[in-house]
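> Protein chains in written order, with numbering that gives the first Met the number 0: chain A, 0 to 192; chain B, 0 to 417.
Hints are computed from structural coordinates only; laboratory data are not their basis. Note that this is a predicted model, so its numbers are computed, not measured. C-beta: ideal position from N, C-alpha, C; glycine also. Treat each hint with caution, since some may be false.
To be verified - Computed beta-carbon distance windows for the label pairs:
1) R41/A x E229/B: 47 to 57 Å
2) S99/A x I400/B: 23 to 33 Å
3) S164/A x G44/B: 16 to 26 Å
4) E169/A x K42/B: 44 to 54 Å
5) E181/B x A192/A: 24 to 34 Å
6) D81/A x R193/B: 54 to 64 Å
7) N160/A x G44/B: 43 to 53 Å
Said to hold, decoys possible - Derived DSS-like pairs: lysine-lysine, alpha-carbon spacing no greater than 30 Å straight-line:
8) K151/A x K408/B
9) K42/B x K166/A
10) K8/B x K157/A
11) K42/B x K162/A
12) K223/B x K55/A
13) K356/B x K87/A
14) K223/B x K300/B
15) K42/B x K157/A
16) K128/A x K151/A
17) K408/B x K87/A
18) K386/B x K356/B
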Amino acid sequence: MFQIRIHGRGGQGVVTATEMLSVAAFEEGRHAQAFPSFGSERTGAPVVAFCRIDDKEIRLREPIMAPDALIIQDPTLLHQIDVFAGLKPDGYVLFNSHHSFEALGLGDLVKVRGLQRMCTLPATELGIKHIGRPIPNVPLIAGFAALSGIIKLESVIKAINEKFSGKVAEGNIAAATDAYNLVKEQMKEHANA
Amino acid sequence: MLKQTEGSKAVAEAIALCRPEVICAYPISPQTHIVEALGEMVKSGELTPCEFINVESEFAAMSVAIGSSAAGARSYTATASQGLLFMVEAVYNASGLGLPIVMTVANRAIGAPINIWNDHSDSLSQRDSGWMQLFAETNQEAVDLHIQAFRLAEELSMPIMVCMDGFILTHAFERVDIPSQEQVDAYLPPFDPRQVLDPKEPMSIGAMVGPEAFMEVKYLAHAKQMQALELIPQLSAEFKQTFGRDSGGLVRTYRAEDAETMIVAMGSVLGTIKDVVDDMREQGHKIGVLGIVSYRPFPLKEVRAALVNCKRFLVLEKSLAVGMGGIVATDVRMAVTGTGLKGYTAIAGLGGRTISKASLQNLFLQAEQEHLEPVTFVDLDWDAVNKQLERERLNRRSGPIAENILHDKGMLSAAKFG
Chain A
0 MFQIRIHGRG GQGVVTATEM LSVAAFEEGR HAQAFPSFGS ERTGAPVVAF CRIDDKEIRL
60 REPIMAPDAL IIQDPTLLHQ IDVFAGLKPD GYVLFNSHHS FEALGLGDLV KVRGLQRMCT
120 LPATELGIKH IGRPIPNVPL IAGFAALSGI IKLESVIKAI NEKFSGKVAE GNIAAATDAY
180 NLVKEQMKEH ANA
Chain B
0 MLKQTEGSKA VAEAIALCRP EVICAYPISP QTHIVEALGE MVKSGELTPC EFINVESEFA
60 AMSVAIGSSA AGARSYTATA SQGLLFMVEA VYNASGLGLP IVMTVANRAI GAPINIWNDH
120 SDSLSQRDSG WMQLFAETNQ EAVDLHIQAF RLAEELSMPI MVCMDGFILT HAFERVDIPS
180 QEQVDAYLPP FDPRQVLDPK EPMSIGAMVG PEAFMEVKYL AHAKQMQALE LIPQLSAEFK
240 QTFGRDSGGL VRTYRAEDAE TMIVAMGSVL GTIKDVVDDM REQGHKIGVL GIVSYRPFPL
300 KEVRAALVNC KRFLVLEKSL AVGMGGIVAT DVRMAVTGTG LKGYTAIAGL GGRTISKASL
360 QNLFLQAEQE HLEPVTFVDL DWDAVNKQLE RERLNRRSGP IAENILHDKG MLSAAKFG
């Protein structure tokens, strides 16, 4: 079973992101379960949501405490909560920022974990560029597909088309494709570094 | 059609397939997404003929359902928590009048302290209201139970609550097979009411009944639930024929064959319990599971049969009879009267407290070794409890308990949760 935890703030589409991840996995014939942390959702408040992916029925209902992957939608959360809590030693990290991990003050994390499974992505900027709104969730799940290979970009696009239509869908697909390619390029650089 | 969807959305689609004629609802978390989706379907014309009635409160929601059901319309509503409590007088009237209303309860804790998260306190508070109560383990089962519920309610002319864990199921995206309209139509015939308010043939419903007849009316409500004990397995078997999958029934066991320790529970926590039991079975522990689907009527005979060959059982429940212990456990113990079985009660998950695999495994090992107290509070923070008890011992004016505990835990409010 592969477990993903997404941290963000109310209004950033955190819950929607896990739902779309689960739809993308379902499109590949896999079992998936997405659920929020059940808080009273308010704009700006910290939000956590979860997604499990497996090849058999998922019965477990506990929150994800030891994720295989983390997506962090908002860098300001670093001052508020321990977003890395329980992350597996070989876990993936995708961080929404146009800065490097070092510039974010996470140089020590890079020293411990290496950059093979870690990546930053300017997802908010991609949202503004392609969708006209500072919503980073879709670029991040496409970036996650590139980072981990757990789901395919086509499946993310299918999930986008299920959720949105018309111009909004087009914008999101452009953002997703851009994000996917950016992460792929970065991972190549990390591998060569 | 198999799809990846939200539990609430799946239930709304199932309700629509059951061709309800009146839906009345007042929004309350975590039930809101269900009636929102139904409202959209009525407005778009996708669900027709159906009247969607916005009411001013839960009391009004149940009152409208009583009126529409008595007028011969298939009637549906949904609620949770304080909403269910607010409609209680009408809840008893619906069953007392024998009206086959179907209501989803998206199970949620009852305040104070106010809490929107899941446990089973709300529907269990209506244990003796005369409504049947079926508990779903997954969103697929929530869909299936609603379809069976209309059949069951209308055949007996008695109301039924389909209970699904708030947030844990209602807000979870997972795969659900939504049946076709043809399948549901084949399984669920049009509503043929036993009593109808019709201006062409005027009559009244709801007479005052004195000591000369009250007991008979009440006994008949009991007799109908006893009939339901026969009918529920039949409807589940028929459901399997039409839809090709097992759903519902009175109880279900898992890896119970040679089990010496049995874990008894209701609802979505059964999934986590089964994962723990699989792990423990691999380590050689003889442990199994009894899931109770039908809480009312309570299947005493089936529960006894499922437990009689074990050595000990643990009832894990998301509810608390304050001043006594377990609510479900009391019924389970009644079922095994005279067997001499050791029984334990574990109260877990109140107000949305996480029920983790790790805590369950620890609990089940203790149960197996018979090291548990009769009632255990799973993952209770004893330091916080003892600190408050000490505060009360030292100060007469010790202040409000909830605020003290939040303060001790370094939280200004529940907003910092998560």
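> Each hint: holds or not?
Results for each hint:
The given range of 47 to 57 Å is respected by R41/A and E229/B, whose C-beta atoms sit roughly 49 Å from each other. The supplied range of 23 to 33 Å is broken by S99/A and I400/B, whose beta-carbon atoms lie about 48 Å from each other. For S164/A paired with G44/B, a C-beta distance near 19 Å keeps the hint of 16 to 26 Å intact. Checked against the hint of 44 to 54 Å, the C-beta distance between E169/A and K42/B comes to roughly 28 Å, which is inconsistent with it.
The given range of 24 to 34 Å is broken by E181/B and A192/A, whose C-beta atoms sit roughly 60 Å from each other. As the Cβ distance of D81/A to R193/B is approximately 60 Å, the hint placing it in 54 to 64 Å holds. A C-beta distance of roughly 24 Å is found between N160/A and G44/B, which places it outside the suggested range of 43 to 53 Å. A hinted pair counts as satisfied when its Cα atoms are at most 30 Å apart, and K151/A with K408/B does not qualify at roughly 43 Å.
The straight-line distance between the Cα atoms of K42/B and K166/A is roughly 25 Å, inside the 30 Å bound, and the hint therefore holds. Restraint check for K8/B and K157/A: the C-alpha separation of about 19 Å stays at or below 30 Å, so the hint holds. Between the alpha carbons of K42/B and K162/A the distance comes to roughly 20 Å, so the proposed pair stays at or under 30 Å and holds. Only pairs whose Cα atoms come within 30 Å are accepted, and K223/B paired with K55/A is rejected, the gap being roughly 40 Å.
A distance of roughly 17 Å separates the Cα atoms of K356/B and K87/A; the hinted pair therefore holds under the 30 Å criterion. A threshold of 30 Å between alpha carbons decides the hint, and for K223/B with K300/B the separation of about 17 Å falls inside it, so the pair holds. Note on K42/B and K157/A: the hinted pairing holds, with a Cα-Cα distance of about 28 Å set against a maximum of 30 Å. Pair hint K128/A plus K151/A holds up; C-alpha atoms about 23 Å apart against a cutoff of 30 Å.
Restraint check: the Cα-Cα separation between K408/B and K87/A comes to about 27 Å, which is no more than 30 Å; the hinted pair holds. For the proposed pair K386/B and K356/B, the alpha carbon gap of about 28 Å is at most 30 Å, so the pair holds.
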